[in-house]
Amino acid sequence: MDTFGLLADGLLAALQAQNLLYALIGVTLGTAVGVLPGIGPALTVALLLPVTYRLDPTGSLIMFAGIYYGGMYGGSTTSILLNTPGESASIVTALEGNKMARKGRGGPALATAAIGSFVAGLIATLALAFVAPWVVKAALAFGPADYFALMVLAFVTVSAAFGDSALRGVTALFIGLGLGVIGIDLQTGQARLAFGIPDLLDGIEVTTLAVALFAIGETLAIASSRTHLKEEVLAVKGSVWMTLDDWKRSWPAWLRGTFIGFPIGAMPAGGAEIGTFFSYAAERKLSRHPEEFGQGAIEGVAGPEAANNASAAGTLVPLLTLGLPTSATAAIMLAGFQQFGLQPGPLLFANNAPLVWSLVASLLVANFMLLVLNLPLIGLWVKLLTIPKPWLYAGILTFATLGTLGANGAMSGRLGPIPFSFELLILLAFGFLGFGLRRFGYPIAPVVIGLILGPLSEQQLRRALAISQGDPSVLIASPIAITLYVIAAMAVLIPLYFRLRGKGAVLQQMASDED
Amino acid sequence: MNKLFLAALMTGALVVPGFAADYTIMAPAAPGGGWDQTARAMQEALQAEGISGNVQVTNVPGAGGTIGLAQFVNQYSGNPEALIVGGYVMVGAILTNASPVSLAEVTPIARLTGESDVIVVPAASELQTVDDLVAMLKADPGSVSWAGGSAGGVDHIAAGLFAKTVGVDPTKVNYIAYSGGGEALAAVLGGQVTVGISGLGEFDAQIQSGDLRALASTGAERLEGSDIPTLSESGVDLVVENWRMVAAAPGLSDEEKAAIDADIEKLVTSATWQGILETNGWQDMYLGGEAFDAQLAADITATEAILKDIGLVQ
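Respectively, the protein sequence lines represent chains A and B.
Take 1 as the starting number for the first sequence in this note's numbering and just add one per residue.
Take 1001 as the starting number for the second sequence in this note's numbering and just add one per residue.
Since the hints were derived computationally from the structure, they do not count as laboratory data.
Only a predicted model underlies this, so the values are computations on that prediction, with no experimental measurement involved.
All C-beta atoms, glycine included, are put in the ideal place defined by N, C-alpha and C.
Any given hint could turn out to be false.
[Said to hold, decoys possible] Ranges of calculated distance between the beta carbons of each label pair, as one might list FRET restraints:
1) 241/A x 1274/B: 54 to 64 angstroms
2) 477/A x 1167/B: 26 to 36 angstroms
3) 1294/B x 12/A: 56 to 66 angstroms
Put together the whole structure using the sequences plus the hints.
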C-alpha cells in the first residue's frame, strides 16, 4: 500500500469514538502536567504505562501522543500568564509572552501559542511521516565537532536576547555557564564543584533553576516593593482574540519556528530548548517591529512555541527510525512501544507499518484535539490575571515548591534529626539570586541559557578533541561545521557593518531590554 | 458487643499483614530508565499474581542511584515492606562518587535480570573480527575510539577490561562517554567513533538490519539463536555482564528477610514476570540467597580493581 493509503487507514483507526476519547484524555492530562512545573510529560507517561497494559496498542499510543503534545503546549500557558515556565522548552516563551500578558494581550499570546503549536505540530507530523528516513540520515552526519559549531552559533545568536547592556548580559550568561560546570563530568566521571554534597553530583536541574529565577525571584521582587504590588495588570485589553495584524505577524513566525524546531528535535543531541533559542533570535533579527521585542512582541511567542512543538515531533524521528530516544518522554514512549512487542528501529516501518501509521495519525488527531480544547479555554485562563496579586503569587510559590518537591524532592539533606529536601534549598537560594539579578537590572534568561548550552558545548568539544586525539583542526574539518561557523560570523559581522554605515539607530533599538 | 468488635479489629490487624505485604519499591532513577522499568515490572507482576495487594513505585533519581540509595537507607531502615532496585552501574557509581552509603548497608535479596554488552562497528568499518580490533588497539590504543554510556559505567568498565585482557594499558583506552547507549548508537551509526560498546538492547535493531556489525558479546554464553560470538570464543578471556537486582532495607530480622526472599522467588517464577521478561527482551538471571551475596561481593572487588586500573578511582 502506498504512503497515503496507509495514512488514511491510520486516520480511520484514530477517528473511532473510543480512540478520540483516549486522545481527549491524553491532551487534557498532558496540558495539566505541562502547566504544573516539575511534573513533566515523562513522569505522566511512566505512571500510565501499567494502565495501558490492558488497552489496545492504538488506544494507548494515541493517549501517549496526546500527553506528549499536550505537555509541550501546557508549559506555555504558565510561561505567558505567570512568567513561570512549566518546562525548559517554554522558557523563551516567557520573555515576550509575559510582557504581552501584562499589557492585557494575554489572549492573543495564548492564541498564537496554541495555533502556532497546532500548525507546527501538523507540518512536523507530516514531515515525520514522509521525510523521516532522510532527516535521520542528515542528523546522523552531525559529529561532535558539528554539534560544537551549532552551540557556538547558538551562543552568538542568542546573545541578541541579552538586553541593552552586553556586559550585564554576558555576566548573567557566565553565571549560567559556571552553574553548568557543577556535577559529575560525563567524560571522566569525576565530581566538579559538588563540595561532597551528593545532590550536586547530577548538576543543577534546569527546571529548578528556571522556576527559581523566574517564579521565586519575581515573587520576592513583588513582595519587596510597594509600587510593584500596586502596579495595575490589565487582564484583557481589546479583544481576547488575535487581530488581523496579529495573524499577519504570527504566521511567518510559525513557519520559521517549525522549520527550525523540527530538524533540531530530530538531532540525537539537539533538544527542544535549543530550537526555541534559535527561533527567538531569528524572529528578533527578522522582525519589522524590532522595537517591540522585550516589550511583548507577538512573533517572540509565535516562533518559539511553534519551534518547541515541531521539535517534539522531530524527537520522534530518531525514536521511530533508530529506536533512539532523545528525551525522557521519548524514552518512556520507547518502553511503551516495547510492551506491545514493537521494536522501533530501522525495521519498524517495514515490520509494523499499520501501527506506525496509526501513531502518525493519532499525533494529528491529538494535535487537533489540543486546539479544540485550548482555544475556548483562553478566555478562562486570562482570568487568572484578575486574581489579586498577593493571592496569585502565594499560589505561584505553592505550585513552584510542590512541583520541585514532586520532581526532585528527595529528602536527602539532614539537619540534626530533621530531614529536608536539598533541591528545595537550591530553589530558594536561586530564588534570591533571581531577586538580586532583577534588583540590579541583570537579565534572567541568559543564566538559564548558559546552564543549558554550557554543558552541551563542553561535552561536544571534548568528545571531538578526544576522538581526534587532541588535534584541534578536527573542529573545522567538516563542511557542516564550516557552514555553521560562517553563519555565526555573518550574524556578528552584518550588524557591525550596518552600524558602521550609520544605521546603528535601528539596531540599538533591536537590542532593547527584555525587562 | 464491644468486645466482639475489638476482637474483630484485632484479628483484622493481625491477619492483614500476614496475608500480603504492601511493598514500596524505590527506583533510584528517573522514570523511563532500566531501573524504573524493572521496578514497574515488579509492581505489575507482584499485584497481578496476588503476591502483594498494593505496590507503590517511587522514583528518586540522581548520581547513578546513590542519591536514592542514601535516602532508602535513611528512610526505610528496619521496614520489611521497602524494596530498592539497583544494578551493576550502582556498584561503580558508589566508588566513583565516593558515596557515603554503600551496598553493604542494604539487605541484598536477589539478582533479577541481566544483559551482556556487545561490541559493534558500522557496516562500512574495516574491522571484521575481534582480532582486527585487538590488532588496531595494540598498534595505537588512542586510535580506537569507544562510544558507550557514562564514564565508570558498565560499558566503560567492559572497554577497560577488554584492553587489560589483551595486554594494552587500560588508561590508554580512548573512551568517549555518551549520556546513554542510545546517544552512543547515533555516534556509531554516524561513523563518528571506531567502535560502540553497550547493552545488546541498544544495538539489536541495527545489528538485525545490517547497519551495524557485532564483533562480539561480553556474555558468558551466546544468546539463544544468536550468531554473535562471545569474547571467549574469539580468544579474549573476558566476561562482563550488566545486571539488575532487588534489595531490602537494612536492619531486618531473619524472618522478615525470609518472607521477602519467598515473595521474590514467587515473583520470578510467575507467568506474569516471565511474560514481561519476554516482551522486554530481558535475560532471566535470577540468583538469590547466599549465592547472590557471594556474586555481589566478587563483582564489587572486580569493579574496584578495574576502576583503579582505568584511573577513575584513586
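Consistency of the hints with the structure:
Residue 241/A and residue 1274/B have their C-beta atoms about 57 angstroms apart, which keeps the hinted 54 to 64 angstroms range intact. A beta carbon spacing of about 33 angstroms between residue 477/A and residue 1167/B agrees with the range 26 to 36 angstroms that was offered as a hint. Between residue 1294/B and residue 12/A the CB atoms are about 58 angstroms apart, so this pair conforms to the stated range of 56 to 66 angstroms.
Against the hints set out earlier in the document, no violation occurs for any number.
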